[in-house]
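Can you build the whole structure from these sequences, using the hints too?
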Amino acid sequence: RRGEAAMVNSSVWRDGGEALFWLTRRSLIREYYDDNGVQKPGISLTVDQWEKLKTLINQVDKRFIETYMKELICSTIERNVVLKCIRDHKRLDCRTIDETRSVNIEFRSHPGYVSVTLGQTRVIAQASCRITKPKESRASEGHIRIHLDMSKIPLINLENWKHQEFVQELNGILEQNIRNSNCLDLESLCINSGELVWSIKIDLIVLNNCGNILDCANIAALCSLYHFRLPEVSVHGSEIRVYSSTERRAHPLRILHFPINVLFAFFVDGRYTLIDPNSDEERLMDGFVSISMNQHKEICGIHMGGKLGLKKEQVELCKKLAFKKVLELTDRIRQVVTDYYKTIEPTTHTQPSIIRIDNDEDEDNESSSSSENEDSVLTKSEIPPSPIENNVSLLLMPDLDHLSLTDDVPTMTTMNVDKSTSDLENVMCSYLTQNLNQPWPILKHYDQDHLYNIALPLGGIGTGTVSLGGRGELRDWEIGNKPAKKYSTVTIGNDAPFFSVFVNQPSTSSKITKALIGPVHPTEHLHYEGRACNHHGLPRFRQASFDAAYPFGIVNLSDSNMPIEVRIKGFNPFIPTDSESSGIPIAVLYYEVTNITNEVLDVSICGSMRNFVGQDGSKYFIAGDGDYVPIGAKNNINVYREDLAGELKGIYMNSTNVDPSDPAWGTIALTTLVDSPDTIITYRLSSIANAWYHAILDFWDDFSADGTLHDKGQLVDDNPMASLAVKKKIQPGDVELFPFFITWNFPNRMAWSPTIVGNYYSTLYKDAWDVCIQTLPHLADLESNTLDFVNLILASDYPGVLKEAALFNLATLRSQTVFRIADGHLMAWEGVFDIFGSCLGSCTHVWNYEQAIAFLFGNLAKTMRDVEFNYATFDDGAMNFRVQLPLTKPQERTGTAADGQMGCIMKMYRDWQLSGDDDFLKKNWEQVKKVLAFAWQPNSWDADQDGVEEGAQPNTMDVTYYGPNPQCNFWYLGALRAAYLMASYIGDEDFANKCGYLFINGSTWIDENLFNGEYYEQKIIDPKTGHFISSDDPNVPDYQLGKGCLVDQLVGQMMSHVCNLGYLASSTNMATTCRSILKYNYLDTFNEHFNNMRSFVIGDESGLLMASWPHGRLQFPFPYFSESMTGFEYTAACNMIYEYQTQEGLKCIQSIRDRFDGLKRNPFSEPECGHHYGRSMTSWATLLAWSGFHYSAVTRTMEFGDKTGVFFWSNGYSWGSCWIVKNKTKAHLTLVYGTVEIEFFGIKGKPMKKLLERVILSSTSDMKTLTIKFDD
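Under the numbering used here, the first residue of the sequence shown carries the number 8, and numbering increases by one thereafter.
In short, the hints are calculated from the structure, not lab data.
Among these hints, one or two may not hold up.
[Stated by the list, open to error] In silico lysine-lysine, DSSO-like type, Cα no more than 27 Å apart, as pairs:
(1) 656 x 736
(2) 1251 x 1231
(3) 142 x 1229
(4) 1231 x 1256
(5) 1256 x 1271
(6) 1256 x 1276
(7) 1050 x 1031
(8) 719 x 736
(9) 1231 x 142
(10) 1001 x 930
(11) 1233 x 1271
(12) 97 x 327
[Claimed, not checked] What follows is a list of derived Cβ distance ranges for each label pair:
(13) 632 x 668: 32 to 40 Å
(14) 831 x 653: 31 to 39 Å
(15) 276 x 831: 56 to 64 Å
(16) 533 x 1014: 54 to 62 Å
(17) 951 x 1122: 24 to 32 Å
Glycine included, C-beta positions come from ideal geometry on N, C-alpha and C.
The following block contains the structure:
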């Protein structure tokens, strides 16, 4: 009877059209497909006939589902009854439309074994673990996978292959919600980076289906994870020991948040919405939306399906209802697990779980709905990670205009909707919702002691910053024109700038006021006057943690005595290619307050800071008790203002008594945006006199009374304290946002100039208030574009430690190390000390190393080349390696650097290639020739013009090398190679020929004379005689390298790889050298290492030494030989990666980042000679090395290496991602920002592909994606 009901009058020609068949759906499918949905062999049909057959199957399938599933299984009477109840806002199981069924959670004897029932739907979950190898792209991350088994329940309405597809889709949603939301800290599963990690598997078995399997399975999976205990493990050489819980106590997994799934069903064309549909309601629903959300109100996944489109208002309502359920279930899961472990002994379980130790990288072949690739979405085709939504697991919509219709088209996740990968109309039934409460990405999590030294700079490029501390404090107030580490605008104490919260809980008549800061660290207890840290006397939150993916930082505050939880979110726009949007003098602070009670709360957030115009920390006196007392403010004025139609409110701070030409003179604003008429704004423009610290006392009493402020109206201090409070009511379970903005404008920068050179940003904004006026209306777009950038990197298949190193060191661009003078030129110190800059002049031999500026902000890189070739260069080609300011003043000769000067030529080539700006090259070409030819002058570096630098070579080690050495000579060979190509392009054949000859001659000589079989060494020349001498000769000059193995001896080769110039010497020798650097320079521990200089690595930390002498050290080598500095380490690691020594390179980079863990050092500042040292941005080159990315705007060629996966790319003028499929037969290129022209595209190992026509991808047009196919 059912077969007859499903019968359709359809025909298909088979075997060349010899027979005509009337087929039912069942017979039609089984005629050509086996039970697993695989095409049967021996079927002889043309391509067109197969397409017609597939179309017919889809049509029959759709008819079958419509008639069979809805008409036959569900009777008309039943349908009418159910729909009538829904229209009456009732349900047959006596629930209300917004009520979920009861959840019951039971645990069994093994950790991770749990049974969950949702109504009568029942799922059991079992977590297990095993030891395996990590993925090459995620060397320090473990794995998690989910396997859903529904074989224990019948689905009579689905055939076997359709049943499997249904299970796969549910499994895919669960994996996206749980794994892709980063709820489990995968780095905590690392046993030995690059070698051993834990792999967690959750088996979910559905025992009964009475509707909404998805939510029940989601709860079971989370309970299993939270209940699971991971055994202790130790690794000694090749021996791996896993301890039972009787030997060592097993520990819980690090769960960062709980992504709870809530399913909603829609009926009668979307007019009625039910939560948690049962099986009868599922069969009748017209559509659904599944929302996965955590307790922070962040969307972790949205999946939609059905035959109707939903309005944004409907989704918003579902979000609000879902959040209440999320809070309830999160608390429930935490409580039941806590209660369970309170009732058992810690040593009860001798076998915590199933544990296997794998020797292969590959997963086992057990039955699983997961893809073989851990990171693949569960479909029949490869699906790349979303290029934008890293932490929000949304469905991917293919771009039908540019994506080829092949098996690589992503399939959609839907339920009860006919879907076929070959039917793109059905694919369009599912869609994604973008920018819906998009959460901030998280790359690293810090807590406990690891918060102490965190300071994330908030501010633009060249504007100065204030830093968000790991516990929520604002520290290092460097918004003026000076470095100011540890400066808090006042003497250390309770008077420093801070934010506080007031909470009124009506039911208990409880009023609580606290500073929005985490607990005092144990090292902050001792001080001769009881003031070891700021805000030492203010009530604080007891728990704090910090999450970051630069430039985003999140402080999580909680306290058992508080009815709220607070998240402090700080950032400043950072949008590659858009230097002006990335150079705004603003610190954006969002205070997100969650009401964790069942009653309405009155909550007020207040920011307080003194008007310190004129007081940048550089002027001070030491008081009688030894206190540092900053001075410079003078009768400063605070003014309350409103703007932007009353939405912008805040306090404007200025001074008419501080000299307007003083470098510390400027303006500051503390503001907020009001989004509701119910929001109450109050303020204070001053405080009472600060005798015996009465000012903070008076403020605290005022704010603690009712959460509002009462202005004193009289300015009694030179630096009067301003306070701005925002008060709101927060409903139970709701989250309210309190936005605050700190803006500034200090126009009188001097840097190392004797006169004011100004700030570029000050030419764009009149004052601090104008920054608000121009920025805040566009802040949502600025934030969204910044999220696009960060999420794109996080979604890429770079190892996590590379993402961390590359992103976190971008903070250097925002620090006082870097600034833009009024005419727009980018200038830089080498780094910054606590209160002044370190090593002036945009030092060429330091800034040669970093690669971030050119690949992210090409226009800024070109301003640096302009300074080097047109201001720092003299007529004879000598280039000052430190430029003087102001640029309008004629330069005085201060010295050249052999490595710095040659590196600038390579940078000129790089920046010309990335920009494709021929005018830029032609304008500077004569200067480039002069700079290179300077090496050929008498008594210069290559006076005999043989392609080898033998002369006295000042270099970045702050010494002069005498004789050929790899460090300077590879820079020289790179410059010759670059000059040859530029000259050839310009048409300067004579110069090109000379450069080509010198390059070949020099490259050959270097291999034959400097390579010792293991690495390249220096041949020392006696500066007195000009002859080579042995390293053992007593006449050897001091501060040489000699036979030492130098950590960055291949820095010129690294730059050559970045510029796509090829090998400068033997590739075999290069690979051998990389292995030797690791062999001789890497130390697992520095406990036994003697270092007479500065210690950037200490104790049990690991890293690369600057140099080693396997065969005997010089008596007095170059001074830094015993140190370890990150910029040089990154250089060596990049070369290792380029030489396919990937694990070795990752090992070196992991060693660096392990040292910057928040406890010992700030993760956002890698020092060398000063904080935020410029050379640390060499870390950006690690991404280039891993992806093999090259782009030439001159030839319109884009290339990638031989790794497959998704890779972020940028060329300084545009950026996006490229997904290279596994077999490298196809590449999907996506542009997110800017414009890029492509005529040739290449993947290493494949012939270069010439496109049929030049393609221009632009973020302002419809052409944003491109698919390039390669032959197998």
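A quick look at each hint next to the structure:
Using a Cα cut-off of 27 Å, the hinted pair residue 656 and residue 736 holds, with the two alpha carbons roughly 19 Å apart. As the CA atoms of residue 1251 and residue 1231 are separated by approximately 9 Å, the hinted pair is consistent with the 27 Å bound. A distance of roughly 15 Å separates the Cα atoms of residue 142 and residue 1229; the hinted pair therefore holds under the 27 Å criterion. A hinted pair counts as satisfied when its Cα atoms are at most 27 Å apart, and residue 1231 with residue 1256 qualifies at roughly 13 Å.
Taken as a hint, the residue 1256 and residue 1271 pair is honoured in the structure, with Cα atoms around 19 Å apart against an allowance of 27 Å. A C-alpha spacing of about 8 Å is found between residue 1256 and residue 1276, which places the hinted pair at or below 27 Å, so the restraint holds. Proximity of residue 1050 to residue 1031 is assessed by CA-CA distance (about 21 Å); at most 27 Å being required, the pair is judged to hold. A C-alpha spacing of about 26 Å is found between residue 719 and residue 736, which places the hinted pair at or below 27 Å, so the restraint holds.
Proposed proximity of residue 1231 and residue 142 is supported: the alpha carbons are some 19 Å apart, at most 27 Å. For the suggested pair residue 1001 and residue 930, the alpha carbons sit about 21 Å apart, so the restraint of at most 27 Å is met. Between residue 1233 and residue 1271 the CA atoms are separated by roughly 17 Å; this keeps the pair inside 27 Å, and the hint holds. Distance check on the hinted pair: residue 97 and residue 327 sit about 20 Å apart at the alpha-carbon level, within 27 Å; holds.
For the pair residue 632 and residue 668, the supplied restraint of 32 to 40 Å holds, since their beta-carbon distance comes to about 34 Å. For residue 831 and residue 653, the Cβ-Cβ distance of about 35 Å falls inside the hinted range of 31 to 39 Å, so the restraint holds. Under the hint 56 to 64 Å, the C-beta atoms of residue 276 and residue 831, about 57 Å apart, fit the expected range. At roughly 59 Å, the beta-carbon separation of residue 533 and residue 1014 lies within the given 54 to 62 Å, and the hint holds.
At roughly 30 Å, the beta-carbon separation of residue 951 and residue 1122 lies within the given 24 to 32 Å, and the hint holds.
When held up to the earlier numbered hints, the structure conflicts with none and fits them all.
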